[in-house]
Amino acid sequence: MKISARNILEGTVSDIRKGQIMAVIKLILPSGTAISSIITNESAERLGLKSGVKAYAIIKASSVIMGKEVASINISARNIIKGTVQKVKEGMIMAEIVLDIGGGNTITSTISDDSVKRMELKVGDEAYAIVKATSVMLGVS
Amino acid sequence: MKISARNILEGTVSDIRKGQIMAVIKLILPSGTAISSIITNESAERLGLKSGVKAYAIIKASSVIMGKEVASINISARNIIKGTVQKVKEGMIMAEIVLDIGGGNTITSTISDDSVKRMELKVGDEAYAIVKATSVMLGVS
Amino acid sequence: MKISARNILEGTVSDIRKGQIMAVIKLILPSGTAISSIITNESAERLGLKSGVKAYAIIKASSVIMGKEVASINISARNIIKGTVQKVKEGMIMAEIVLDIGGGNTITSTISDDSVKRMELKVGDEAYAIVKATSVMLGVS
Chain A
27 MKISARNILE GTVSDIRKGQ IMAVIKLILP SGTAISSIIT NESAERLGLK SGVKAYAIIK
87 ASSVIMGKEV ASINISARNI IKGTVQKVKE GMIMAEIVLD IGGGNTITST ISDDSVKRME
147 LKVGDEAYAI VKATSVMLGV S
Chain B
27 MKISARNILE GTVSDIRKGQ IMAVIKLILP SGTAISSIIT NESAERLGLK SGVKAYAIIK
87 ASSVIMGKEV ASINISARNI IKGTVQKVKE GMIMAEIVLD IGGGNTITST ISDDSVKRME
147 LKVGDEAYAI VKATSVMLGV S
Chain C
27 MKISARNILE GTVSDIRKGQ IMAVIKLILP SGTAISSIIT NESAERLGLK SGVKAYAIIK
87 ASSVIMGKEV ASINISARNI IKGTVQKVKE GMIMAEIVLD IGGGNTITST ISDDSVKRME
147 LKVGDEAYAI VKATSVMLGV S
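These protein sequence lines map, in sequence, to chains A, B and C. Numbering follows our numbering, in which position 95 of the first sequence is assigned residue number 121; successive positions increment by one, without gaps. Numbering follows our numbering, in which position 101 of the second sequence is assigned residue number 127; successive positions increment by one, without gaps. Numbering follows our numbering, in which position 3 of the third sequence is assigned residue number 29; successive positions increment by one, without gaps.
Wrong hints could be hidden among the right ones.
Listed below are the simulated DSSO-like cross-link pairs for lysine-lysine, each with C-alpha atoms no more than 30 angstroms apart in a straight line [stated by the list, open to error]: (1) Lys94/C - Lys143/C; (2) Lys94/C - Lys113/B; (3) Lys113/A - Lys76/A; (4) Lys148/A - Lys115/B; (5) Lys143/B - Lys143/A; (6) Lys44/C - Lys148/A; (7) Lys52/B - Lys52/A; (8) Lys44/C - Lys44/A; (9) Lys115/B - Lys148/C; (10) Lys52/A - Lys44/B; (11) Lys80/C - Lys143/A; (12) Lys80/C - Lys108/C; (13) Lys143/B - Lys115/C; (14) Lys28/C - Lys115/C; (15) Lys28/C - Lys108/A; (16) Lys115/B - Lys115/C; (17) Lys94/C - Lys76/B; (18) Lys115/A - Lys76/A; (19) Lys113/B - Lys80/A; (20) Lys115/B - Lys143/B; (21) Lys52/C - Lys44/B; (22) Lys76/C - Lys115/C; (23) Lys108/A - Lys52/A; (24) Lys108/A - Lys94/A; (25) Lys148/B - Lys113/B; (26) Lys143/B - Lys113/B; (27) Lys44/C - Lys143/A; (28) Lys80/A - Lys28/B; (29) Lys113/C - Lys148/A; (30) Lys44/A - Lys76/B; (31) Lys148/B - Lys28/A; (32) Lys52/A - Lys28/A; (33) Lys115/A - Lys113/B; (34) Lys108/B - Lys28/B; (35) Lys76/B - Lys148/B; (36) Lys148/C - Lys115/A; (37) Lys143/B - Lys108/A; (38) Lys76/B - Lys115/B; (39) Lys115/B - Lys113/C; (40) Lys28/C - Lys113/A.
What the hints contain is simulated information worked out from the structure, not anything from laboratory work. No experiment lies behind these values; they were computed from the predicted model shown.
Same shape as in the complex, but just chain A (with noise of 0.2 angstroms):
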């Protein structure tokens, strides 16, 4: 399987807290990062997903949104990242920025260009990849 998704994070199913149409299912990177997702209890079921199962944590790039000085008690978003600017890749419109969030891992963003300009992101940076747990698919091989 090739998906055009830039960011496939392996992990380990840690939890899965299951509602009548939606389930929200916890992975753990082998670097101890948590991931949350939200999906269909009929996907849970369909992919056999439960703790200790291996799973992938599937984000497209568009979906990940960049900060700096971000406290996870502010922000509805479950998924909030640390990490270090490896790349910035500026274009017209949009820009590129991959971050470096340990455990050999990366996390890809598609940001405007604009904001890229706004936040002055360069390499080296400290910053937070921000992702809404609805944006995470689970993929399992």
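Dock chains B and C against chain A, hints included.
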């Protein structure tokens, strides 16, 4: 009504399942392809959605991931739609892919240019449009 | 806190409805415009959200669809916000639109350049920013 979303697919509602807040709605395109959407119960009622009603699935190109050799059993996204790459337009940061999904319909996706290169996506390739149900809006006329 | 999301709109929480997993939260901007957000109950509690609390609606530009002649009765998105096009910046694949929504607020959207041409979007046009509630994060300071 004119909207910027590149993908507006007409179909017929075939199934609605409601939770407390959210509802999963299935639409069948004339080609037989099913599209799932997650919207609020309130919106489903406001639009008068029920089995047999004509509706449109509205999907922003940036919400569409492209895949190759994808098995739906392996990924949580409810919408994994097979097609043939009809057009690849590359930019500096972003690229645009048009996928012919049959029945006269296409799905347009904006992905990063790096992904186009990594996946070696080209006209004529068999590929899949992958869309999370939470990224699908519904419209009625 | 600095974040890349182009749209950070300050308002006051006016309504919270909770399900088992997800909650719908309504924010009223000083101009009277309402913004709906769907987040998890857990995040709503973590942020201390309740009626009367000041909060920010945070919306990534790529989550905003642009519309013209849109009737809210016809589309599932909870947020359909009327405004006047203030700026159109075209790129090769993507374009950026700034919509003045009154009360000193703007909403920025990144859409494909093809959509700008197809919709003939230009400065001064009456247009709508369309945002699915699941794409709206909330923040508090």
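Each hint tested on the structure:
1. Lys94/C - Lys143/C: Holds - the C-alpha atoms of Lys143/C and Lys94/C are around 13 angstroms apart, at most 30 angstroms.
2. Lys94/C - Lys113/B: holds (27 angstroms)
3. Lys113/A - Lys76/A: violated (35 angstroms)
4. Lys148/A - Lys115/B: Holds: Lys148/A and Lys115/B sit about 29 angstroms apart, inside 30 angstroms.
5. Lys143/B - Lys143/A: holds (27 angstroms)
6. Lys44/C - Lys148/A: At roughly 40 angstroms apart (the allowed maximum being 30 angstroms), Lys148/A and Lys44/C break the hint.
7. Lys52/B - Lys52/A: With Cα atoms ~27 angstroms apart, Lys52/B and Lys52/A stay inside 30 angstroms; holds.
8. Lys44/C - Lys44/A: holds (15 angstroms)
9. Lys115/B - Lys148/C: holds (24 angstroms)
10. Lys52/A - Lys44/B: holds (24 angstroms)
11. Lys80/C - Lys143/A: Between Lys80/C and Lys143/A the Cα gap is close to 28 angstroms, so the pair holds against 30 angstroms.
12. Lys80/C - Lys108/C: With a Cα-Cα distance of about 23 angstroms, the restraint between Lys80/C and Lys108/C holds, given a limit of 30 angstroms.
13. Lys143/B - Lys115/C: holds (26 angstroms)
14. Lys28/C - Lys115/C: holds (23 angstroms)
15. Lys28/C - Lys108/A: Distance of about 14 angstroms is within 30 angstroms: holds.
16. Lys115/B - Lys115/C: holds (19 angstroms)
17. Lys94/C - Lys76/B: OK: Lys94/C and Lys76/B at ~27 angstroms, within 30 angstroms.
18. Lys115/A - Lys76/A: violated (38 angstroms)
19. Lys113/B - Lys80/A: violated (36 angstroms)
20. Lys115/B - Lys143/B: holds (12 angstroms)
21. Lys52/C - Lys44/B: Roughly 21 angstroms separates the two Cα atoms, so the pair holds.
22. Lys76/C - Lys115/C: violated (38 angstroms)
23. Lys108/A - Lys52/A: holds (17 angstroms)
24. Lys108/A - Lys94/A: holds (9 angstroms)
25. Lys148/B - Lys113/B: The given pair, whose Cα atoms are some 8 angstroms apart, holds under the 30 angstroms limit.
26. Lys143/B - Lys113/B: holds (14 angstroms)
27. Lys44/C - Lys143/A: Between Lys44/C and Lys143/A the Cα gap is close to 38 angstroms, so the pair fails against 30 angstroms, i.e. violated.
28. Lys80/A - Lys28/B: Violated - the C-alpha atoms of Lys28/B and Lys80/A are around 44 angstroms apart, more than 30 angstroms.
29. Lys113/C - Lys148/A: Between Lys113/C and Lys148/A the Cα gap is close to 27 angstroms, so the pair holds against 30 angstroms.
30. Lys44/A - Lys76/B: holds (25 angstroms)
31. Lys148/B - Lys28/A: Within the cut-off at roughly 14 angstroms; holds.
32. Lys52/A - Lys28/A: holds (23 angstroms)
33. Lys115/A - Lys113/B: holds (25 angstroms)
34. Lys108/B - Lys28/B: Since the Cα atoms of Lys108/B and Lys28/B sit roughly 27 angstroms apart, the hinted pair holds (cutoff 30 angstroms).
35. Lys76/B - Lys148/B: violated (39 angstroms)
36. Lys148/C - Lys115/A: Satisfied, since the Cα-Cα distance of roughly 29 angstroms is no more than 30 angstroms.
37. Lys143/B - Lys108/A: Measuring from Cα to Cα gives roughly 28 angstroms; hence the hint holds.
38. Lys76/B - Lys115/B: violated (38 angstroms)
39. Lys115/B - Lys113/C: Judged against 30 angstroms, a Cα distance of about 25 angstroms means the pair holds.
40. Lys28/C - Lys113/A: holds (19 angstroms)
When each numbered hint is compared with the structure, violations occur for hints 3, 6, 18, 19, 22, 27, 28, 35 and 38.
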